[in-house]
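Just need the whole structure built from these sequences, with the hints factored in.
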Amino acid sequence: MSYEFLQNYWWCLVSLLGGLLVFLMFVQGGNLHLGNRALDEQRRSMILNSTGRKWELTFTTLVTFGGAFFASFPLFYSTSFGGAYWVWILLLISFVFQAVSYEFFNKKENLLGSKTFSIALMANGVLAPFLVGTAVGTFFTGSDFTVNKAAIADASSPVISTWGNGWHGLEALGQYHAVLLGCTLIMLTAILGSLYLLNNVDDDEVQAQMRRSVKMATWPFLFFFLPWLIILLVRPGYTVDADGVIGMERFKYLHNLLQMPIVLAMLIAGVALVLLGIWKGALTKSRKGIWFAGPGTVLVVMSVFFLAGFNGTAYYPSCTDLQSSLTISNSCSSYFTLKVMSWVSLLIPFVLAYIVYAWRKMDKGGLSKKDVEDESKY
Amino acid sequence: MDVVFWSRIQFAMTAAYHWLFVPLTLGLAMVMGVMETLYVVKKDEFWKKTAQFWMKLFAVNFAVGIATGIILEFEFGTNWSNYSWFVGDMFGAPLAIEGILAFFMEATFFAVMFFGWNKVGKKFHLASTWLTGIGATISAYWILVANGWMQNPVGTTFNPDTVRSEMASVSAFWEVVSNPVAVSKFCHAVTSGWVTGGIFVVGVSAWYLLKGRHTEFARKSILVGGLVGLIGSGAVMLSGDSSGVHAAEFQPMKLAAAEGLRDGGRGAAFTIVPGIKVPKMLSFLATHDFNGFVPGINDILNGYTDNDGNYIPSVAEKMACGREALDALAAYRELRDVDPMTAAAAKYVLLDNAQYMGYGHLEKPEDVVPPVGIVFWAFRFMIGLGMLIALVLLLSVIAAWKDKLATWKWLFPIAIICIPLAYLTGQCGWIVAEVGRQPWTIQGLLPVNVAISSLSAAAVQTTFFIFLAVFALFLAIEIRIMLGAIRKGPAADLKNE
Numbered sequence: 001m002s003y004e005f006l007q008n009y010w011w012c013l014v015s016l017l018g019g020l021l022v023f024l025m026f027v028q029g030g031n032l033h034l035g036n037r038a039l040d041e042q043r044r045s046m047i048l049n050s051t052g053r054k055w056e057l058t059f060t061t062l063v064t065f066g067g068a069f070f071a072s073f074p075l076f077y078s079t080s081f082g083g084a085y086w087v088w089i090l091l092l093i094s095f096v097f098q099a100v101s102y103e104f105f106n107k108k109e110n111l112l113g114s115k116t117f118s119i120a121l122m123a124n125g126v127l128a129p130f131l132v133g134t135a136v137g138t139f140f141t142g143s144d145f146t147v148n149k150a151a152i153a154d155a156s157s158p159v160i161s162t163w164g165n166g167w168h169g170l171e172a173l174g175q176y177h178a179v180l181l182g183c184t185l186i187m188l189t190a191i192l193g194s195l196y197l198l199n200n201v202d203d204d205e206v207q208a209q210m211r212r213s214v215k216m217a218t219w220p221f222l223f224f225f226l227p228w229l230i231i232l233l234v235r236p237g238y239t240v241d242a243d244g245v246i247g248m249e250r251f252k253y254l255h256n257l258l259q260m261p262i263v264l265a266m267l268i269a270g271v272a273l274v275l276l277g278i279w280k281g282a283l284t285k286s287r288k289g290i291w292f293a294g295p296g297t298v299l300v301v302m303s304v305f306f307l308a309g310f311n312g313t314a315y316y317p318s319c320t321d322l323q324s325s326l327t328i329s330n331s332c333s334s335y336f337t338l339k340v341m342s343w344v345s346l347l348i349p350f351v352l353a354y355i356v357y358a359w360r361k362m363d364k365g366g367l368s369k370k371d372v373e374d375e376s377k378y
Numbered sequence: 001m002d003v004v005f006w007s008r009i010q011f012a013m014t015a016a017y018h019w020l021f022v023p024l025t026l027g028l029a030m031v032m033g034v035m036e037t038l039y040v041v042k043k044d045e046f047w048k049k050t051a052q053f054w055m056k057l058f059a060v061n062f063a064v065g066i067a068t069g070i071i072l073e074f075e076f077g078t079n080w081s082n083y084s085w086f087v088g089d090m091f092g093a094p095l096a097i098e099g100i101l102a103f104f105m106e107a108t109f110f111a112v113m114f115f116g117w118n119k120v121g122k123k124f125h126l127a128s129t130w131l132t133g134i135g136a137t138i139s140a141y142w143i144l145v146a147n148g149w150m151q152n153p154v155g156t157t158f159n160p161d162t163v164r165s166e167m168a169s170v171s172a173f174w175e176v177v178s179n180p181v182a183v184s185k186f187c188h189a190v191t192s193g194w195v196t197g198g199i200f201v202v203g204v205s206a207w208y209l210l211k212g213r214h215t216e217f218a219r220k221s222i223l224v225g226g227l228v229g230l231i232g233s234g235a236v237m238l239s240g241d242s243s244g245v246h247a248a249e250f251q252p253m254k255l256a257a258a259e260g261l262r263d264g265g266r267g268a269a270f271t272i273v274p275g276i277k278v279p280k281m282l283s284f285l286a287t288h289d290f291n292g293f294v295p296g297i298n299d300i301l302n303g304y305t306d307n308d309g310n311y312i313p314s315v316a317e318k319m320a321c322g323r324e325a326l327d328a329l330a331a332y333r334e335l336r337d338v339d340p341m342t343a344a345a346a347k348y349v350l351l352d353n354a355q356y357m358g359y360g361h362l363e364k365p366e367d368v369v370p371p372v373g374i375v376f377w378a379f380r381f382m383i384g385l386g387m388l389i390a391l392v393l394l395l396s397v398i399a400a401w402k403d404k405l406a407t408w409k410w411l412f413p414i415a416i417i418c419i420p421l422a423y424l425t426g427q428c429g430w431i432v433a434e435v436g437r438q439p440w441t442i443q444g445l446l447p448v449n450v451a452i453s454s455l456s457a458a459a460v461q462t463t464f465f466i467f468l469a470v471f472a473l474f475l476a477i478e479i480r481i482m483l484g485a486i487r488k489g490p491a492a493d494l495k496n497e
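Listed in order, the protein sequences are those of chains W and S.
Counting along the first sequence from 1, when you hit position 47 you're at 47 in the working numbering, and nothing is skipped either side.
Counting along the second sequence from 1, when you hit position 393 you're at 393 in the working numbering, and nothing is skipped either side.
In short, the hints are calculated from the structure, not lab data.
All values reported here derive from a predicted model rather than from experimental measurement.
The reader is advised that the hints may include incorrect statements.
According to the in silico footprint, chain S covers these stretches of chain W (three or more CB under 8 Å from chain S) [claimed, not checked]:
1) 72–84
2) 109–118
3) 161–174
4) 328–342
5) 345–356
6) 360–366
If you only want the chain W side, here are some residues facing chain S, beta carbon under 7 Å, derived [unchecked claim]:
7) 56
8) 57
9) 60
10) 63
11) 64
12) 66
13) 68
14) 92
15) 100
16) 103
17) 104
18) 149
19) 153
20) 158
Covered stretches of chain S (chain W as the covering partner; in silico rule of three or more C-beta atoms under 8 Å from a C-beta of chain W) [said to hold, decoys possible]:
21) 64–78
22) 90–102
23) 118–124
24) 156–163
25) 447–454
26) 463–472
A virtual CB, placed ideally from N, CA and C, is assigned to each residue, including glycine.
So this is what it looks like as structure tokens:
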């Protein structure tokens, strides 16, 4: 295994984890229905308990996604997390509240009342996809940072990665292209959430409501996604030559798409599957839309990551100092670390297998009213 | 107070807070596993309901533990940017393996354990309960591999081209994984969790006995919880012994601080409390030789000869080497493309002094001395309280086994008080381990003031107070929910026994 192969392999794995994370954010999208007044309290409780049985998978995928990024591309971790401080802290707080909200929600000792934790879950439903989407959006717009590895020998200013402004990541809110991706993700996870609940909750009224929600969320999703995609394909991008020198190239991401037909196929197939899932959920009697939209989402997210990082592209560009931009090869771990981790990654299919096995057993028959009368309910 | 201070205090608070929830997770997982095994083996519904009661408390604790764990992961990047890059090549691998191997196991089987009583078979459920605990234990191993490396950085070399510590071969990875500091820390931390879980079960059960409620449930819970805690106590003592030997070998300053030992020597005495000493005991504990040499703070500052006859340089000498290494690093980075010959010479000087590179960032030799008073007293509280808890566990098991609970009522309030004391013991343990190694994030290589992110003190101060408020709120709610569940008690048909 060459070093370059391992670098690319780990970019693929990080992309896969990113795709799975966005797919599993159906939990966040589903929680937006906790404030749905068209549903009675018992049905909202069914929604809470349905997403409440999966939230840990989403959470764990987030942790593993972060861990994998740290392990394989530590310069991204140190530059982005230490620089775009407020974005990551906001995302963190939103997820921390989500993690405890399920457990605290229905306990009379929870001090703040159920409504507060319901709001926390809904806030996480908007903030988490928005912040993740906007952060990934900066993979194409660039950020304000510099990297100087020699700084560590300088006693007066030893930090290698420094951010160029005091907003520490919040300035991304002023980059409309990044924000468009954030908004796209809110609507996509809302659709995925509705499709998941349609599949998982065994109740006619909830299912009817979910079908309506899928329809309602589809237009705003397309409204944000299509402009984001078109702008991406026409905007200049950050290219890296064989010597590692970073430069600008017009239509870089369009070129990437055309020069990597597999990625083009993944993107088209992914979008088609998402639309097929939406169609099945909104316009047919099928409850299986999530099984199309979910894998479709994974494919789309992976193709977005591939566009950002492959084909000689700087995936985390610096608009302040082009040569500080991060590429797969200048930000990754050493050959031996990647090699060891690659062997460990062979366990992933086994992990996926037991997750699928366990949840097939647990989800048999879907979540019914009986489940929310059980003592172990949230 | 600068950004280093706020970054340190924020991370210390998060780690200490996280460590409130982890030990109970590890300990209750064992207790629940044993109880559910008894249910499956004996086919006795009593054990099922008993296990279910403790599971309810486990679930509340587990959620907050998970929530605080992710904060630590994020803070490595957000507040310790240089550290993340410097150690990412080594630290990231255990973290990623922890995610793949442990987190998904915990998350998946926790859900089956908690919601699956009526969805899966008995044996699958039992396996899920054990796998939840095993997942948590595997998780502890990998994070302590990373922590152990920070205390004793084996298996890596400094690469001046990438400016970080790297694993140079696949065998180096095994050196990192089998780092003796990591292994003893793992055993110590996990089994101390068993003690916490054990005394928690014993203390709560003692409260029921004090109130005259659920007596049979309480007696049997004391037996299981007490035994788990007692086994944990024995293992904690054994692993504590090896931790002491490792501290003497790899972090002598930590040991000197924990003992408040200004001037060391052969046949050093162990201080129980100031004024009461056991002759030669420290030498024995640190070197397993009553006449072994144990360096004191001044010996380490001024240089000394260790038990193998090696001269250990003074801190001032190490600082000189460290500065030479940093100057050579700067020269190498500047010249490597324009003057390869001179750059190669600089690289040679750098690698020759790389083991002391972190000392080059220190201002004065005394910077290597951690806060002695805090470490000294934390060490004593940890040992003293740990022994008290072990004794209470032993007496509780005897009382439950010999059916003397009705006559040994004086034991109940002590057992209840031991619950918060167990938490205090755990916190003291972490203080010894982490405050005792200051100023290093990585022993000898990276001091805290170089490990930080480029942030303003105000930004980190703000997040510190946000986290403080969030943690206080969660703790208040968690304690209220726990107390509510305990007051309510186990399932209805266990109530009148």
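Q) Looking back at the hints listed earlier, which ones does the structure fail to meet? A) none
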